[in-house]
Amino acid sequence: MSDWEVIPIPLFGRKKKEKEEEKKEGVSEALKGVLYGFAVHGAATAALKTRMHMEHLFMLMTLGDMLGFPIIPPYYSLKILPYVVPNIKSWKERLFRERDFTDLLSG
Amino acid sequence: MQVAFLETPSLWIIGALVAYGFAYYVYAKWVDEHIWEVSEKRVTPAHMYLDGVEYFPVSRYVLYGFQFKSIAALGPILGPFIAVAYGWLPALIWIVIGNMFIGWVQDYSTIMLTVRNEGRSMGPLVYNAIGERGRKILLAYLLFYLLIISAVFIYLVSLFWNVFPGSFIATIGIIITGLIVGELLYKYKANIFGVTALAIILTLISVGIGTAVAWPPKNFFGPWSVQVWSIILAIILFVGAIVPLPKFITPMNFVAVFPAIGGVLLIIFGALISPATGIKLIQPAFKGWYVENVGPIFPILFVSIACGAISGWHSLVSTSTTGKQLDVETDARPVGAGAMLTEGLLATSALAAYMVVSPDLIAKGKISAFVNGATLLTAPFLGGDASKAYLLTFFSIFLVIYAITVQALVTRYWRVFSAELFRGSWAWLGNKYIATATGLILPIIFALTGSWINLWIYFGGSNQLLAAMALTLVAFYVAKMNKPSWYSAVPAAFMTVVTLSALLWEIYTFGLSTFGIKKPLAKPPLTQYPGAAWALNALFFVIGIILFVLGIYMSYALWNAYFKAKRGEVEAKAVSP
Amino acid sequence: MVGLAEFFARKPDIEVVVFAGKGGLGKTTSSAALSYHMAVNEGKKVLCFSTDPQASLSDIFERDLFGKGVVEVAPNLYVVEIDADKKIAEYQQEIKQKILDMYGLEELPKEIEEYIDSTSAEPAMYESATYDAMADLVASGEYDLYVFDMPPFGHGVRMVAMAEILSAWVDKITEARKEAAEYEAVAATLKGGMQTEDMVLKELEEIRKKMTTFTELMTNSEKTAFFMVMVPEKMAILDTERALEMFRELNIEMSGVVVNQIYPRDLLNKPDLPELLRKKIEMQEKHLLEIREKFGDLVAALIPMYDREPKGLEMIAKVAEDLMHSRRDLLWW
Ligand SMILES: Nc1ncnc2c1ncn2[C@@H]1O[C@H](COP(=O)(O)OP(=O)(O)OP(=O)(O)O)[C@@H](O)[C@H]1O
Ligand SMILES: [Mg+2]
Numbered sequence: 001m002s003d004w005e006v007i008p009i010p011l012f013g014r015k016k017k018e019k020e021e022e023k024k025e026g027v028s029e030a031l032k033g034v035l036y037g038f039a040v041h042g043a044a045t046a047a048l049k050t051r052m053h054m055e056h057l058f059m060l061m062t063l064g065d066m067l068g069f070p071i072i073p074p075y076y077s078l079k080i081l082p083y084v085v086p087n088i089k090s091w092k093e094r095l096f097r098e099r100d101f102t103d104l105l106s107g
Numbered sequence: 001m002q003v004a005f006l007e008t009p010s011l012w013i014i015g016a017l018v019a020y021g022f023a024y025y026v027y028a029k030w031v032d033e034h035i036w037e038v039s040e041k042r043v044t045p046a047h048m049y050l051d052g053v054e055y056f057p058v059s060r061y062v063l064y065g066f067q068f069k070s071i072a073a074l075g076p077i078l079g080p081f082i083a084v085a086y087g088w089l090p091a092l093i094w095i096v097i098g099n100m101f102i103g104w105v106q107d108y109s110t111i112m113l114t115v116r117n118e119g120r121s122m123g124p125l126v127y128n129a130i131g132e133r134g135r136k137i138l139l140a141y142l143l144f145y146l147l148i149i150s151a152v153f154i155y156l157v158s159l160f161w162n163v164f165p166g167s168f169i170a171t172i173g174i175i176i177t178g179l180i181v182g183e184l185l186y187k188y189k190a191n192i193f194g195v196t197a198l199a200i201i202l203t204l205i206s207v208g209i210g211t212a213v214a215w216p217p218k219n220f221f222g223p224w225s226v227q228v229w230s231i232i233l234a235i236i237l238f239v240g241a242i243v244p245l246p247k248f249i250t251p252m253n254f255v256a257v258f259p260a261i262g263g264v265l266l267i268i269f270g271a272l273i274s275p276a277t278g279i280k281l282i283q284p285a286f287k288g289w290y291v292e293n294v295g296p297i298f299p300i301l302f303v304s305i306a307c308g309a310i311s312g313w314h315s316l317v318s319t320s321t322t323g324k325q326l327d328v329e330t331d332a333r334p335v336g337a338g339a340m341l342t343e344g345l346l347a348t349s350a351l352a353a354y355m356v357v358s359p360d361l362i363a364k365g366k367i368s369a370f371v372n373g374a375t376l377l378t379a380p381f382l383g384g385d386a387s388k389a390y391l392l393t394f395f396s397i398f399l400v401i402y403a404i405t406v407q408a409l410v411t412r413y414w415r416v417f418s419a420e421l422f423r424g425s426w427a428w429l430g431n432k433y434i435a436t437a438t439g440l441i442l443p444i445i446f447a448l449t450g451s452w453i454n455l456w457i458y459f460g461g462s463n464q465l466l467a468a469m470a471l472t473l474v475a476f477y478v479a480k481m482n483k484p485s486w487y488s489a490v491p492a493a494f495m496t497v498v499t500l501s502a503l504l505w506e507i508y509t510f511g512l513s514t515f516g517i518k519k520p521l522a523k524p525p526l527t528q529y530p531g532a533a534w535a536l537n538a539l540f541f542v543i544g545i546i547l548f549v550l551g552i553y554m555s556y557a558l559w560n561a562y563f564k565a566k567r568g569e570v571e572a573k574a575v576s577p
Numbered sequence: 001m002v003g004l005a006e007f008f009a010r011k012p013d014i015e016v017v018v019f020a021g022k023g024g025l026g027k028t029t030s031s032a033a034l035s036y037h038m039a040v041n042e043g044k045k046v047l048c049f050s051t052d053p054q055a056s057l058s059d060i061f062e063r064d065l066f067g068k069g070v071v072e073v074a075p076n077l078y079v080v081e082i083d084a085d086k087k088i089a090e091y092q093q094e095i096k097q098k099i100l101d102m103y104g105l106e107e108l109p110k111e112i113e114e115y116i117d118s119t120s121a122e123p124a125m126y127e128s129a130t131y132d133a134m135a136d137l138v139a140s141g142e143y144d145l146y147v148f149d150m151p152p153f154g155h156g157v158r159m160v161a162m163a164e165i166l167s168a169w170v171d172k173i174t175e176a177r178k179e180a181a182e183y184e185a186v187a188a189t190l191k192g193g194m195q196t197e198d199m200v201l202k203e204l205e206e207i208r209k210k211m212t213t214f215t216e217l218m219t220n221s222e223k224t225a226f227f228m229v230m231v232p233e234k235m236a237i238l239d240t241e242r243a244l245e246m247f248r249e250l251n252i253e254m255s256g257v258v259v260n261q262i263y264p265r266d267l268l269n270k271p272d273l274p275e276l277l278r279k280k281i282e283m284q285e286k287h288l289l290e291i292r293e294k295f296g297d298l299v300a301a302l303i304p305m306y307d308r309e310p311k312g313l314e315m316i317a318k319v320a321e322d323l324m325h326s327r328r329d330l331l332w333w
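Those protein sequences? They're chains A, B and C, same order as listed. All residue numbers for the first sequence refer to this note's numbering, where the first residue is 1 and numbers rise by one. All residue numbers for the second sequence refer to this note's numbering, where the first residue is 1 and numbers rise by one. All residue numbers for the third sequence refer to this note's numbering, where the first residue is 1 and numbers rise by one.
Simulated from the structure, these hints should not be mistaken for laboratory data. Note that CB positions come from ideal geometry on N, CA and C, so glycine has one too. Any given hint could be a false lead.
Pulled a few chain B residues facing chain A out of the computed Cβ check, cut under 10 Å [as the list claims (entries may be wrong)]:
| id | residue |
| --- | --- |
| 1 | Gly123 |
| 2 | Leu316 |
| 3 | Glu420 |
Part of the chain A face toward chain C, derived, beta carbon under 10 Å [unchecked claim]:
| id | residue |
| --- | --- |
| 4 | Thr50 |
| 5 | Arg51 |
| 6 | Met52 |
| 7 | Glu55 |
| 8 | Leu57 |
| 9 | Pro73 |
| 10 | Pro74 |
| 11 | Tyr75 |
| 12 | Ser77 |
| 13 | Leu78 |
| 14 | Pro82 |
| 15 | Tyr83 |
If we strip away everything but chain A, and leave its shape as in the complex, we get:
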């Protein structure tokens, strides 16, 4: 698994936020953050989660034979493979992670 770490892209090509930049605090930054957290963060997380479930489905359909469920012919799986390479690690991790009903609460 460790050789997966070389791929530096988080899920779905999200822009990695600059950690240092975020640390710079200011009242207006803080206020904006709180407001964002209050108004939107939950919804954004929920959307991401739904997105994740679909991503699961999608990965299963396209790369199912990686786990032993061949669904579409590998010729087409390979066509899509390059684009989903960064997601494979977290996909497998999430797939095999034990989930509990209390994990489902967010989103």
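We have chain A already, so just place chains B and C with the ligands on it with the hints.
Here is chains B and C with the ligands on its own, set in the frame of chain A:
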């Protein structure tokens, strides 16, 4: 008109602020440093398992806002209404003491539990402490808990719609605003600031239209008006639960945020400047140890103000989301403790609203008391008498959309839990449509009696019992770390006793009517159907017993685990469930 | 009147012809013959395509075509015999390179590499690669007529069945992906962030477009003809019946049956005819009657058994003549 400072709620609000400050800057800081020994250096699950979906570091400000929004529901607003029946002083004392020594302890510590246990949520944490049966029972318990919350919230929204003419129209206006906002944001990718401004304007206009139209009048649908409203609400909620989140729930939540924040700020401000506006405290500080139809001050007071002092719900939020997104351990205090103490402030300000209305309203159990009080506190600096009608609608809407947004979430949880619980030949009960429908129909049936105060006490009781479990769980893990666990064990013990007693009290109350010793608890029009009223009372009697038995089992198992951990008898269990 | 000439007169818009059937009965021979006729006699630009690892087109045209790309073997007659293994290996390499380039990697993660390599072992890989190559060729629209000599696995109709399943899947996947993209957009809007273009969706849509156009073409009986090649033998009859059933299930019109390797009847008049052959011819007669009964009007062409293997352009020309205008003396009814 100047009034003496002490005759207004102002002093008490300031006093509470000081107490919360102490809790945050002294007590919580001490726990943070000496018990959990938080460190910026320790890697949190958000970084360890970063997947950009469930696990990712979020700034403490964002997380604070999120946590507050997720934990602040109707609890801190309506709870004090029941509690004030004993007088405002007991309510104030409980809110302040509860917040200082119990509320934040739970919220903060459960975040830390998740952070220190690889991001595990409540279920696996319970599993690790007391095994699979405990986890299953927790699930069953939560299902009942969700049903009861639903019954309370659906009933209250229906009651508000019935009592405040125009509030329904304003609600529809806000729902339409939500739909427009959703389209603009997601379909047309409109600028978020512009959309926010539009949302606020449309919300204010909706309230204005509702006020102007002031229709339909009270009891529009005859004696069963509240029930008809609850069916209308159920239909709206059903649609909300089955369409994709971004189509309805998400934009609705987004729109709901602004009146919610605005309302709270206005009330707090109104209470603080009450010496200047001349709004006086007219509730008695203490009314008695026992209140008819409510019960004895112990334990009822402690379960009636649920979310404002301590609430088990928060432990679910802390462990399912917040703990997984905490950037550094040192953020746990501002996020967990900070959000809880803010909610304490919300409860205190709601209490202030009740302090200034006539004792009559409270005694009659008039739910409009909050709306009246909030209007009283805020009208003086918002246009005086001229704006009163508008403010009445605004604060009723404030309640309604708080309840609807939380209820929409609860309905979804019910569905998710049902799908989890019902397997095999029962799987159809977990079907999307069926689960959603049962999650709405059962609560409507529950709420038929109209005795929402009793339902509320069940809600508070089960909610607080969940808190007791969470606190015991915290004590267990702290004891396992060989750290002083009293800071969580003592509140846990208190909450266990209080909640089990409160459940017993309600079982006793419904038992009386079930066995024909007293008339069934019911409000008109159900009183005309004594058979149905009796059946519902008997149902509540049974539900009470179920909750009590499940609660006893969980408490016993958790306390047992705790004492074992204290004696150092706990071996490291298999790490993952 | 029997012969494919009549069929093509009826359907002048045919662009694709597929010869299917069990191994060794004459698919390659028929493909070559038809291609030759259309190109040389009718002046159409024809592409004859095969992925047979046995290199049977090379065999019949008596030229090394295997893995050589498109070769013009006679005026207007183009032949391509794909080396599928080589093609697959190239394709895998291309994917690997793409991953390396996209992420600026020095080498592939082991698991990915293993996964890509493992795909060549799968028969489905071979099948879908063939199918994709066919779709690409047809999409190019460079030729007036495409003749596909199906590989001997299955019946060749599997290809169409697969196309249908595949495009249904791609539909589903595309749908899921689109919905996912919507949620992604929601999250992105809420975060005030930028949304990246979904390359996967683009790729999927391309695959789907290719598939739907191809499947549409293949199932359009005015543009595509499917011929089953058979011989007058019991097994072949049963097989053809089964194939017909499959066609019906897939809602594809089977254009006709080509009956190959029929011994001319006048052989029976030869006094020195070996007994064994006489028996064989009598058996064929019985089976031909059965064929008439079972397939009737579907019988589109009759090809005699030649005294040697039909190889080389000259022989192909002869087969082409028999395929287009079948000899009357082969009609046993
Ligand atoms: N009418 C015929 N007379 C004599 N020989 C024939 C005739 N038709 C085919 N053959 C010979 O039979 C053999 C098989 O024919 P062909 O290669 O066309 O069959 P195929 O269906 O393409 O086989 P495969 O499934 O292996 O690709 C070849 O050697 C071919 O020369
Ligand atoms: Mg062949």
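Violated hints, by number in ascending order, as checked against the structure: none
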